[in-house]
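Taken in order, these protein sequences are the chains called G and Z. Going by the working numbering, the first residue of the first sequence is number 1, and it counts up by one from there. Going by the working numbering, the first residue of the second sequence is number 1001, and it counts up by one from there.
No wet-lab data here; the hints were simulated from the structure. Among the hints, a few may not be true.
Stated by the list, open to error - Here are the computed distance ranges between Cβ atoms for each label pair:
hint	chain 1	residue 1	chain 2	residue 2	range
1	G	G11	Z	G1013	16 to 22 Å
2	G	K41	Z	T1097	24 to 30 Å
3	Z	S1002	G	V59	45 to 51 Å
4	G	P2	Z	G1098	51 to 57 Å
5	Z	T1097	G	V30	43 to 49 Å
Unchecked claim - The following residues of chain Z were derived to be distant from chain G, with all beta-carbon distances above 12 Å:
hint	residue
6	V1030
7	G1058
8	K1100
By construction, the Cβ of each residue, glycine as well, lies at the ideal position given by its N, Cα and C atoms.
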Amino acid sequence: MPERKTVDARGAFCPGPLMELIAAIKLVEVGDEVEILSSDKGSAKDIPDWVAKVKHEVVAVEERDDHWSIVVKRMK
Amino acid sequence: MSAPPLFVLLCSGEHEKIQMAGMVASVAAVSERPVQVFVSMNAMFAFLKSRQGDYRGGEFSAILKEKGAPDPVQLLQQGKMLGELKVFPCSMAMDVTGWKEEDLVEDLFEPPAGLTKFLADAESGQLVVI
């Protein structure tokens, strides 16, 4: 089972959540997952775009009451 | 095919433009694109230790400050840490001001470089002037 780390970036504006996600991804093993919590609407779209660009994998995107949860799997 | 390197020539001292330069350079760097930023003219003041965080701009600057947008210098530092990003202070600007490398913010700059080197490097990629 992959391990999952959660990073709470709620309240941070673009590109803060993306940078926090990337910093966290560098610290987990390939195959593990990082969940980023973001209240920034732009990041909810930007983060999956970045994930596709650098060839990781979006496991889930969920819009909650006042934020998004985006789960990313480190692929390389 | 990998993206061509990005070269950002940052001259403006306006908060909004420095913010955009920090965003563009850091996001490009973490998106696996090599980036060089060459800082000169009024932009230099934003990178002085003695004026750290003291950004001067217009109407949008006030919004950025009020909302607590990411600090552009910190964005560049993150881009350097997480991607392939190099930031050079302009050697001419350093000469005319008399500033030393230790006067500039830490953990960001390469040694001062000249415009000739930057332009020669930029022939291999895309140049954005801010």
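Hints versus structure:
Checked against the given bound of 16 to 22 Å, the beta carbons of G11 of chain G and G1013 of chain Z, roughly 28 Å apart, lie outside it. Range check, K41 of chain G to T1097 of chain Z: about 41 Å between beta-carbon atoms, so the 24 to 30 Å window is missed. At about 26 Å, the beta-carbon gap between S1002 of chain Z and V59 of chain G misses the expected band of 45 to 51 Å. Between P2 of chain G and G1098 of chain Z the CB atoms are about 55 Å apart, so this pair conforms to the stated range of 51 to 57 Å.
At roughly 47 Å, the beta carbons of T1097 of chain Z and V30 of chain G sit within the given window of 43 to 49 Å. Distance check for V1030 of chain Z against chain G: the nearest CB is about 5 Å away, which does not clear 12 Å, and the non-interface claim fails. Interface exclusion of G1058 of chain Z from chain G stands, the closest Cβ pair being 18 Å apart, more than 12 Å. For K1100 of chain Z, the non-interface assignment is confirmed: its Cβ lies about 30 Å from the closest Cβ of chain G, beyond the 12 Å cut-off.
Of the numbered hints stated above, those contradicted by the structure are hints 1, 2, 3, 6, listed in ascending order.
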